[in-house]
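Novice: Listed below are the residues making up each chain.
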Amino acid sequence: MSSTPILVEPFEEPERQREAMVFGLWLFLATEILFFGGFFFLYAVARMQDPVGFAKGAARANLLLGTVNTVLLMTSSATLTVAERAAQAGWMRGARGAILATLALGTAFLAVKGFEYREDLSEHLFPTSPAFPFSGLVGATRFWSFYWFVTIVHAIHLTIGLGCVARLLRLDLPRRWMVAEVTTLYWHFVDIIWLLLWPLLYLVGP
Amino acid sequence: MKVDDTGLLAREPDETSYLTAGTTLRSWLLSTDHKRIAILYAASITVFFFIGGAAATMIRLELFTPAGDLTTADEYNRLFTLHGVIMVWFFLIPSIPGTLGNFLLPLMVGAKDVAFPRLNLMSWYLYVTAGLFTLAALLLGGVDTGWTFYTPLSTLYSNSYVLLAAFGIFVVGFSSIATGINFIATIHLLRTKGMTWMRLPLFAWAMYATSLVMVLATPVLAMALLLICGERLLGLPIFDPRVGGDPVLFQHIFWFYSHPAVYIMILPAMGVVSEIIACEARRRVFGYQFMVYAMLVIAVIGFLVWGHHMFVAGQSPFASMIFSFLSFVIAVPSAIKVFNWTGTLYRGRIRFSAPMLYALGFVGLFTLGGLTGLFLASIPVDVHLSDTYFVVAHFHYIMVGGAVSAFFGGLHFWWPKITGRLYNENFARSAALWLFFGFNFTFFPQFILGYLGMPRRYHEYPPEFQVWNVMSSTGAVVLAVGYLMPLFYLGYSLLHGERAGDNPRDATGLEWTTSSPPPQHNFHEPPVVRSEPYAYHDWDEAPGDADETPQTDPA
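Here the protein sequences come in this chain order: A and B.
What the first sequence shows, in the UniProt record's numbering, is residues 1 to 206, in sequence order.
What the second sequence shows, in the UniProt record's numbering, is residues 1 to 555, in sequence order.
Be careful, since some hints might not be right.
Distance windows between CB atoms, simulated [stated by the list, open to error]:
{"no.": "1", "chain 1": "A", "residue 1": "Ser129", "chain 2": "B", "residue 2": "Ser378", "range": "39 to 49 Å"}
{"no.": "2", "chain 1": "A", "residue 1": "Ala55", "chain 2": "B", "residue 2": "Pro152", "range": "22 to 32 Å"}
{"no.": "3", "chain 1": "B", "residue 1": "Leu19", "chain 2": "A", "residue 2": "Arg16", "range": "23 to 33 Å"}
Hints listed in this document are in silico derivations from the structure and should not be mistaken for laboratory results.
Just so you know, even glycine gets a beta-carbon here, dropped at the ideal spot from N, CA and C.
Hey, can you work out the whole structure from these sequences and the hints?
Specialist: In structure tokens form, the structure reads like this:
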């Protein structure tokens, strides 16, 4: 079993502190849901106003790389959960290994995303590019605006997540496994957003 | 820690107050004590209040004469944008939650601190960083879009520092979210023994409702600002109508935040006023439970009325009808609150102290501001009044007459607790009356101006409007003097004021059971709550018959 958790002001019992941390993080996730909710609202409006053009634009998204990334992120969620449970159970070697695996998978996601961006740009799939293949097509233009906005914002979230996960390596995990628990919660959230983006971005085109 | 006879741990009596617990600059700037953070907030919002006030003074000076002689049209645009941005995000939204909320909420629920003290300190740093970005935008030459950043002006045409200002507001949003998360978690998890939900003071409930709105609305503003930055910086066409974007979509997203933001400003004010009226009328709050539900209902319906800002923006008439209806609906809980405050006064033993004068002023001005809101919620009337001075007068009645009066009232009410000293009551009463007079003198003529058709946001106007503008500008001078008055007598009190006892107002809340100023850990020992928050005297008791029961005593 793990040793006594470190208590932070104003808490006097570990259970209460854990409850507060998890509750606080859920409140933060509520703001994130509203934040991404706004993006999904934009998506719905754009797709409803010109469904055909939208699908034409979406058909150019790279399904293969998108799917590879989905697999990477889902696996990273699993490894981080392993890390969190291992930390709670006091198995520090396992926790470290699983954290390192998570970091590797998250970084791989960003790398794949980088290659995907390079390919998108080489095909001029940026709405302001002079050679944008869909110029004048409203739905496709809005799809690609949405694509760039939302994937960049997601990548920023993931990068912050990587920082938080990396921080776990430097903590006294046996006594601060609660931090691992809330980090995992955030990481899962970023993954779930991607899980919603995957069909919305890559499975729309014919 | 000592062990007493019974073998239990006894707390060391902690006699140093939070003010004397450390005197270095570092002990203030790195403090995670909610009371010190409140003082940091108070100092910084005061600075921003006077910056925003200076811009307002320039605006009123320009409008003294019909010709645009003091500023150019472009400078005038930058002035009112500055005024709006600073006053909304850097004064009003953090005003009561950041100062009184931070200071009082843990005391009122009987906690040692907020749930996440370090996050609380971070929220102040985010606020200051954001303020510096916005000030930088101002010093470099300002922003000319108005505080609403409407597209396509903000994305395509404006040649001012939109990005910098938008980024500042994006960051200040995180400060507000941090405060909101902290307050909700504090109320849920750190209430002391016996402090049930229905024993929470109404101020704590107001902070709860406000925090809900902060947490759920602010991220949508963040997204809207991000989209503006993306469109300006990368040219990604979300709102640009030339490539199929929709400028009205921005207004929808913007007001989805900014209408609830009005409730971020007014709900805390309602909480403050409820505390003051109950204590100064020596009466139990009339309809406590309804006051609670009314605040929660306002917080929820506040999310559903944003479309009333867009009646003339080209949204579907059916949508407009629904938004109009819902805007009438939200007047119901607001009216419940006004009636209950009035009901609380009935058979009270009213003390016309300075905070009470502010609170009574609030009730009147909020009622006027709220009722003129109904004019604007009604579509045919709004078509005539949209974008006129009527709108300006309406929201200043709510935000200045309402929120700022309540903030001043709360500041006076809890001043002895915060500083440990009393202020000069006669000066304070005169300032309260002076401000009430100056406020109406400034803003009532604007209702008439708007009704006569003077549009807002122009630096010149036809000569027939001059008489009302001269009245309004003269009133603004009175108002400006009024806002300077507390600086003097409160400043004097800070240095030379008479020492206040623990409970100079004979109030019932937990914050009055500890010393003034409170010790670093708030209470010498954790308080236990044994009764409801407003045990002054009941409706059927004669005013002089009963005495108040502190929340720590059984009823």
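Novice: Each hint needs a verdict: does it hold in this structure or not?
Specialist: Consistency of the hints with the structure:
1. For Ser129(A) paired with Ser378(B), a C-beta distance near 48 Å keeps the hint of 39 to 49 Å intact.
2. At about 27 Å, the beta-carbon gap between Ala55(A) and Pro152(B) stays in the expected band of 22 to 32 Å.
3. About 29 Å separates the C-beta atoms of Leu19(B) and Arg16(A), a value consistent with the hinted range of 23 to 33 Å.
The structure fails none of the hints (numbered hints given earlier).
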